[in-house]
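Engineer: So the protein lines, in turn, are chains H and Z. Its first residue numbered 1, the first sequence is counted upward by one per residue in our numbering. Its first residue numbered 1, the second sequence is counted upward by one per residue in our numbering.
You may find that some hints are simply not true.
[Said to hold, decoys possible] With a straight-line Cα cutoff of 25 Å, these simulated SDA-like cross-link-like pairs (lysine to any residue) come out: (1) Z:Lys211 x H:Thr193; (2) Z:Lys211 x H:Asn130; (3) Z:Lys30 x H:Lys210; (4) Z:Lys211 x H:Glu19; (5) H:Lys53 x Z:Lys116; (6) Z:Lys460 x H:Val285; (7) Z:Lys116 x H:Pro54; (8) Z:Lys233 x H:His44; (9) H:Lys33 x H:Asp154; (10) Z:Lys116 x H:His44; (11) Z:Lys211 x H:Ala121; (12) Z:Lys116 x H:Ile113; (13) H:Lys218 x Z:Ala143; (14) Z:Lys208 x H:Asn130; (15) Z:Lys465 x H:His44; (16) Z:Lys233 x H:Leu21; (17) Z:Lys460 x H:Glu19; (18) Z:Lys465 x H:Glu19; (19) Z:Lys116 x H:Pro58; (20) H:Lys210 x Z:Asp163; (21) H:Lys87 x Z:Lys460; (22) Z:Lys465 x H:Leu21; (23) Z:Lys374 x Z:Pro20; (24) Z:Lys460 x H:Lys356; (25) Z:Lys233 x H:Ile113; (26) H:Lys210 x Z:Pro159; (27) H:Lys34 x Z:Asp163; (28) H:Lys356 x H:Glu288; (29) H:Lys53 x Z:Pro20; (30) Z:Lys208 x H:Pro136; (31) H:Lys210 x Z:Phe151.
[Said to hold, decoys possible] Computed footprint of chain Z on chain H; a stretch qualifies when at least three of its residues, placed anywhere within it, have a C-beta under 8 Å from a C-beta of chain Z: (32) 73 to 79; (33) 102 to 112.
Source of the hints: derived by calculation from the structure; they are not laboratory data. Glycine is no exception: its CB is placed at the ideal position from the N, C-alpha and C atoms.
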Amino acid sequence: MDNQPETLSLLAEYETAEELLAAAERVRDGGYKKWDTHSPFPVHGIDDAMGIKPTILPWIVLMAAAAGTVTALGLQWFTNAYDYPFKVSGKPLFAWVPAFPVTFELTVLFAGITTLLGMLALNRLPRLHNPLFDVPRFDRATQDRFFLSLDATDPLYNESSAKALLAGSGAHAIEEVPDLGADHKLPTWMWQTAVVGVFVTFVPLGLIVKARFNITDKPAVHILTDMDYQASYRYGEHVPLFADGRAMRPQVDGTVARGDLQADDAMHLGIDDQGLPLATLPMEVTPELMARGQERYDIFCTPCHGELGLGDGMVARRAAANRGEAGMAGQWIAPTNITDSVIAGQADGELYSVIKNGIRTMPAYGDQIPAADRWAIVLYMRALQRAATSTMADVPADQRGALNQ
Amino acid sequence: MSSQYDIQVVQAEEDPTFRPDLVMGGSTYKSIDDDVAGVAEGFLEKPSLVWYAMFGLSVSVLGMLGAVVAYLLYTGVGIWGNQSPVFWGWPIVNFVFWVGIAHAGTLISAILFLLKQDWRTGINRFAEAMTIFAVCCAGLFPAIHVGRVWFVYFLFPIPNQMDLWPQFRSPLLWDVFAVSTYATVSLLFWYMGLIPDLATFRDRSRTKLRKFLYGAFSMGWTGSSRHWHRYEKAYLILAGLATPLVLSVHTVVSFDFAVSQLPGWHTTIFPPYFVAGAIFSGFAMVLTLIIPVRSIFKLEHIVTLRHIDVMTKIILATGSMVGYAYALEFFIAWYSGNPYEQFAFTNRAFGPYAWAYWIMVSCNVISPQLFWFKKIRHNIAAIWVITIFVNIGMWFERFVITITSLSRDFLPGSWGYFSPTLFDALTLLGSFGLFFTLFLLFIRFLPIIAMAEIKMILHKQNTTKEHQGGHH
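Chain H extracted, bound-state conformation (with noise of 0.2 Å):
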């Protein structure tokens, strides 16, 4: 007995389907709890014959399905509506119609994916290797013959007995399946192929994550260089499809660029019809516009003008602070201080050209600033100008305990 392998399983072969069903109610009646059939099709009636259960693949199915619908909602919702909110012609940010065929199809990938690996999985596949296919007859089981296989762990089960029942039921062959299975482990190399491979995979994945969370000062790097560096002409280029071989085309003789058109010349220039400054703004004066030239004013002059206009921005300070080092001393002209008397008794014209056209170091910002809101700017100085100017009486009288603290 000790070269003997260990039997495993009976298995009897069988001719017919027909055969097959009958022999299975036989073992079925027999009480055996721990066998199955093999056949190269799925017999109509085994599953009455053998007592197999209803499977509850539908339900695991119906779980992914669900989880694809609430993927693709959540998805949809979350980029278009949410994240990265786009509107496109006026149309809802998130509605149920346009939102349904990527619904539907993710339910189906959802349901369908988990179908074939849930009925794998329910069934222990894959497995590579069966003590069955140790039995060269069982070849035939996917071909042409039918089998059944009665497993030695079952609590019934009796050499002898067992085999004579498989005899009873018609069986043309009955064998026995050794245990050979030491032989059937995958080979070292394979396994350890597998192992290494696996984690060569992550390595390239390592190096995207290392570089998404670290911050570096060399550029980027690009694979691609197409959209970054494209083959157009630039300004003042030379081109060869003009005869004035210009790349920036010029206006058209007699024409005006869109939204060129300045004719308004107090809106403009700050000007009235005698070509003085004007000395209030061309237009009415409201909260918003005041809010508007705080906001803008925040953008553009507090660099230098600082947040309540008296010439003490972040440019200035830090001018300042380097103004005792080499080379500095003597060359920094600070930026005025505009709630200065004489600032605020210049007329709304004049400062309006002075955003517009700068004046001495200031650059102009007629080209960052468009007319509307360089008015609002001025509205907002005058504002800096009055609170530079303010005394505890012009408080209202309930705030004032507030402001003493």
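Guided by the hints, dock chain Z onto chain H, whose structure is given.
Structural biologist: Chain Z only, in chain H's frame:
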């Protein structure tokens, strides 16, 4: 074999409940294995010269496709005829053409399965394989059509360095999801059907390498009844899932056109009309391929004349639907009172592309009408020629829809005439190289007929006969 069929056809005429056998020639389980697996195994003993000649040709054409695509990537889409106002050109025509062909496979495996049409078993594996290869060809075109192929990942909702997301309210994005889901589910369906047959291949293998590879892909299938139980349930679920999916794919493709505002595209008939056309072209392609294969590999007793007869009837039905859709488009254009719509259709039939329109009508509407005649339905050569006409006609249908509407829209000032370049033609030709290379590899290495299912049909057929014998 055909004589057995002819006798049964006469019998069927006398007894309307009788149908000719689906598996002919006294087949047994073993003979089915020998015949089907013999196709792939035959190459080990006697290499088929026909196969090698065709494979050599297909691979050369595929190589040419590779060269054309490489040139395209290096140069840009300017090598094609796509030019204002026709920016969709041949790549999109080819895309819709191939996606349409891809519809037959899953239709046969899913819808006909749910309808319990047993004749599907003879051709389903074949048609599913054709589906997957056609989707591969289809997927190529939108990918290379985007111009900068290396940014094709913009199509998918992947978190990226620009914090941008795709626009989910666009039919073009629905298309990405529809086609990729269809490709995935078709592949799963095909693979699941292959598992028992791969196990048969494994158990018939005589070399260690074949045994290992077929063994790995059949995942240790033993034909256990407990496994079959879950397998059949899973197959039924997949069929149920794939049925609406098949109908959705070409519906979504038609949305690419119908959701736009262009005259000739903006119509509600597009989804059903596209789906009918897709089934029409898919069945035509199945027949074009299976007619030579069944004769070369001697499978006439498994893919019988009855299978072909049924498929020609489906082509007749869907071809008539397509013809009806063509007619209805004209009616709606007239009935809507919309002058742009009316112009679009008059222009289609009588404008500069009238030649393409009338090729389409002759191939798609007129040629399948020949299938009303039993003589034609039994004439293999005639069927083969007609299916090729249908394939040509369906390509022209997509050409007519895409090009005529784009080339003449609302503003006569922007009209143009589209002319393809040599590279357009080479890309289309090359996609056939891809298709046939995959197809020939399939024939060479995989079971081209669902053996397990045929055995089930054979068992059913024999059992029914025994019962009938008992009655008489």
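Engineer: Please go over all the hints and tell whether each is borne out by the structure.
Structural biologist: Hints, verified against the model:
1. A threshold of 25 Å between alpha carbons decides the hint, and for Z:Lys211 with H:Thr193 the separation of about 21 Å falls inside it, so the pair holds.
2. For the suggested pair Z:Lys211 and H:Asn130, the alpha carbons sit about 14 Å apart, so the restraint of at most 25 Å is met.
3. This hinted pair does not check out: Z:Lys30 and H:Lys210 have alpha carbons roughly 59 Å apart, beyond 25 Å.
4. At roughly 30 Å between alpha-carbon atoms, Z:Lys211 and H:Glu19 are farther apart than 25 Å, so this suggested pair is violated.
5. The hinted pair formed by H:Lys53 and Z:Lys116 meets the criterion: a straight-line CA distance of about 24 Å does not exceed 25 Å.
6. As the CA atoms of Z:Lys460 and H:Val285 are separated by approximately 92 Å, the hinted pair breaks the 25 Å bound.
7. A threshold of 25 Å between alpha carbons decides the hint, and for Z:Lys116 with H:Pro54 the separation of about 21 Å falls inside it, so the pair holds.
8. Between Z:Lys233 and H:His44 the alpha-carbon distance is near 13 Å, which keeps this suggested pair within the 25 Å criterion.
9. Note on H:Lys33 and H:Asp154: the hinted pairing holds, with a Cα-Cα distance of about 6 Å set against a maximum of 25 Å.
10. Taking the CA atoms of Z:Lys116 and H:His44, the gap is near 15 Å; set against the 25 Å cutoff, the hint holds.
11. A distance of roughly 23 Å separates the Cα atoms of Z:Lys211 and H:Ala121; the hinted pair therefore holds under the 25 Å criterion.
12. Between Z:Lys116 and H:Ile113 the CA atoms are separated by roughly 24 Å; this keeps the pair inside 25 Å, and the hint holds.
13. Restraint check for H:Lys218 and Z:Ala143: the C-alpha separation of about 33 Å exceeds 25 Å, so the hint is violated.
14. Taking the CA atoms of Z:Lys208 and H:Asn130, the gap is about 17 Å. The hint holds against a cut of 25 Å.
15. The suggested pairing of Z:Lys465 with H:His44 holds, with an alpha-carbon distance near 17 Å, which does not exceed 25 Å.
16. Using a Cα cut-off of 25 Å, the hinted pair Z:Lys233 and H:Leu21 holds, with the two alpha carbons roughly 20 Å apart.
17. Restraint check for Z:Lys460 and H:Glu19: the C-alpha separation of about 15 Å stays at or below 25 Å, so the hint holds.
18. Taking the CA atoms of Z:Lys465 and H:Glu19, the gap is about 18 Å. The hint holds against a cut of 25 Å.
19. At roughly 20 Å between alpha-carbon atoms, Z:Lys116 and H:Pro58 fall within 25 Å of each other, so this suggested pair holds.
20. Using a Cα cut-off of 25 Å, the hinted pair H:Lys210 and Z:Asp163 holds, with the two alpha carbons roughly 18 Å apart.
21. This hinted pair does not check out: H:Lys87 and Z:Lys460 have alpha carbons roughly 60 Å apart, beyond 25 Å.
22. Proximity of Z:Lys465 to H:Leu21 is assessed by CA-CA distance (about 19 Å); at most 25 Å being required, the pair is judged to hold.
23. Under the criterion of a C-alpha separation no larger than 25 Å, the hint pairing Z:Lys374 with Z:Pro20 is consistent with the structure, at around 15 Å.
24. Of the pairs offered as hints, the one joining Z:Lys460 and H:Lys356 is violated, with about 93 Å between alpha carbons and a cut-off of 25 Å exceeded.
25. At most 25 Å may separate the alpha-carbon atoms for a hinted pair to count; Z:Lys233 and H:Ile113 meet this at roughly 14 Å.
26. Annotation: proposed proximity of H:Lys210 to Z:Pro159 holds, straight-line Cα distance about 16 Å (limit 25 Å).
27. Using a Cα cut-off of 25 Å, the hinted pair H:Lys34 and Z:Asp163 is violated, with the two alpha carbons roughly 57 Å apart.
28. Restraint check for H:Lys356 and H:Glu288: satisfied, since their Cα atoms lie roughly 22 Å apart, inside the 25 Å limit.
29. Restraint check for H:Lys53 and Z:Pro20: the C-alpha separation of about 36 Å exceeds 25 Å, so the hint is violated.
30. At roughly 15 Å between alpha-carbon atoms, Z:Lys208 and H:Pro136 fall within 25 Å of each other, so this suggested pair holds.
31. The hinted pair formed by H:Lys210 and Z:Phe151 meets the criterion: a straight-line CA distance of about 22 Å does not exceed 25 Å.
32. Proximity of the segment 73 to 79 of chain H to chain Z, defined as three or more residues with a beta carbon under 8 Å from a beta carbon of that chain, is established by the 3 residues found.
33. Only residues whose beta carbon comes within less than 8 Å of a beta carbon in chain Z count, and the segment 102 to 112 of chain H has 8; three or more means the coverage holds.
Of the numbered hints given earlier, the model fails hints 3, 4, 6, 13, 21, 24, 27, 29; all others are met.
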